[in-house]
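Undergrad: Chains as they are written, first to last, in our numbering: chain V, 1 to 175; chain W, 1 to 204.
To be clear, the hints were calculated from the coordinates, so they are not data collected in a lab. Please note: incorrect hints may appear among the correct ones.
[Unchecked claim] Distance condition first, Cα-Cα at most 30 Å in a straight line; then the derived DSSO-like pairs of lysine-lysine:
(1) Lys152(W) - Lys99(W)
(2) Lys192(W) - Lys145(V)
(3) Lys12(V) - Lys192(W)
Below are the chains, spelled out letter by letter.
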Amino acid sequence: MTWSDTFLGILKDNDVRLVSYVPDNVLTPLITGVTSDNYFMPVGATREDEAIGAVTGAYMAGLRGVVMMQTSGFALIANALASLVLPNQIPAIMVISERGTLGEFNIGQSLVARTMRPTLDALGIVHHTLTDAATLPFIVDSSIKQAYSTQAPVAFILSPLLTGGNPAAHAKLKI
Amino acid sequence: MSNERASVKTLNRTALTGLLVQKLKHDEAVIGGIGNANFDLFAAGHRPQNFYMLGSMGLACPIALGVALAQPERGVIALEGDGSILMGLGCLATIANMKPRNLTIVIWDNGIYQITGKQQAATAGLTDIVAVARGAGIANSEWVRDEAHFGKLLDRRFDDGGPVLLAVKIDDQPGKGQTPRDPTLIRSRFMKGLGTGRSGALET
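Using the sequences and the accompanying hints, generate a full structural model.
TA: So this is what it looks like as structure tokens:
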């Protein structure tokens with residue numbers, strides 16, 4: 001089973017149905033899996049903070065959701081986290097495909113990536129970097145359960161060690 | 001400026017929010033955007049199905065979309081200012097394509113950032129929110145001509161016929177109420193009003 005199939009299976013096990021996302025190459029197998037499975041309710045968003053808003057509304061109305069985004073997209077949502085998710089104690093599940101490291105070709109990606117973990121740490125948001133298929137199931141399942149039990153958001157960072165990274169980026173690195 | 005937009009009457013948000021709340025007969029959820037939109041929602045009389053946004057400017061409509069998708073049988077209304085919707089126009093495209101039939105958006109358009117000192121917004125110039133919404137794909141978007149027209153547009157089921165966007169040209173008056181600045185209280189009461197969450201467990 002691929003890492004993405006495993007991940008989607010854990011979302012199902014935890015009744016996480018709404019998936020709001022801004023596309024990314026590395027996220028493609030997750031998004032394809034979501035849009036081809038009637039269990040999930042995909043919401044293609046135009047910006048990442050919009051996805052956070054949709055997941056917040058859905059949670060309050062009884063539907064669990066997850067936001068999927070790229071590293072640079074995470075850099076757009078600090079205000080939505082600080083002024084909506086955290087003060088309202090919303091267990092927003094976030095999946096961030098990690099760009100900017102381990103073979104990045106785009107200087108902008110490499111720079112914005114430096115803001116991701118410091119932002120999460122500054123806001124006190126629990127985050128886990130997923131590096132291998134063996135530890136993924138325990139980390140993701142237990143952390144989603146903790147998020148809903150403690151009404152706190154959690155972020156899963158998809159390392160290139162897990163996903164293989166962005167294939168287009170690897171091609172562009174050949175200089 | 002479009003004829004439609006140029007010919008509408010300037011109305012008052014406080015009065016129209018009161019009118020809207022009177023029309024709600026089926027426990028519709030109302031998401032009050034940051035600032036004056038939620039101040040006037042609170043001033044119209046608290047309802048258990050009200051959510052007052054205390055930050056995250058621009059996210060009233062995305063939050064309302066999430067509520068609408070989670071509870072498709074309940075009417076959901078987002079109240080948002082023109083400055084706020086300008087901050088996240090993309091959500092209109094998302095909503096258009098998701099087609100939530102139970103979602104209504106009301107944009108209070110005074111052409112200014114009233115709360116920060118009445119600086120002009122793009123809506124004071126060439127930007128027509130109804131034209132933007134129609135272009136995004138929300139075909140059922142229109143300017144409210146006057147108070148009677150607003151009342152007529154609200155005499156409908158809010159759980160069907162959407163997405164609908166109503167833009168209202170309003171004056172520069174501030175909102176009249178002040179919500180308690182306690183997000184966890186607001187969230188807990190809202191969830192109780194929607195029949196979700198655990199707040200009932202502690203009530204005697």
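Undergrad: Does each hint hold? Answer for all of them.
TA: Hint-by-hint comparison with the structure:
1. Lys152(W) - Lys99(W): At roughly 23 Å apart (the allowed maximum being 30 Å), Lys99(W) and Lys152(W) satisfy the hint.
2. Lys192(W) - Lys145(V): holds, 22 Å
3. Lys12(V) - Lys192(W): Judged against 30 Å, a Cα distance of about 25 Å means the pair holds.
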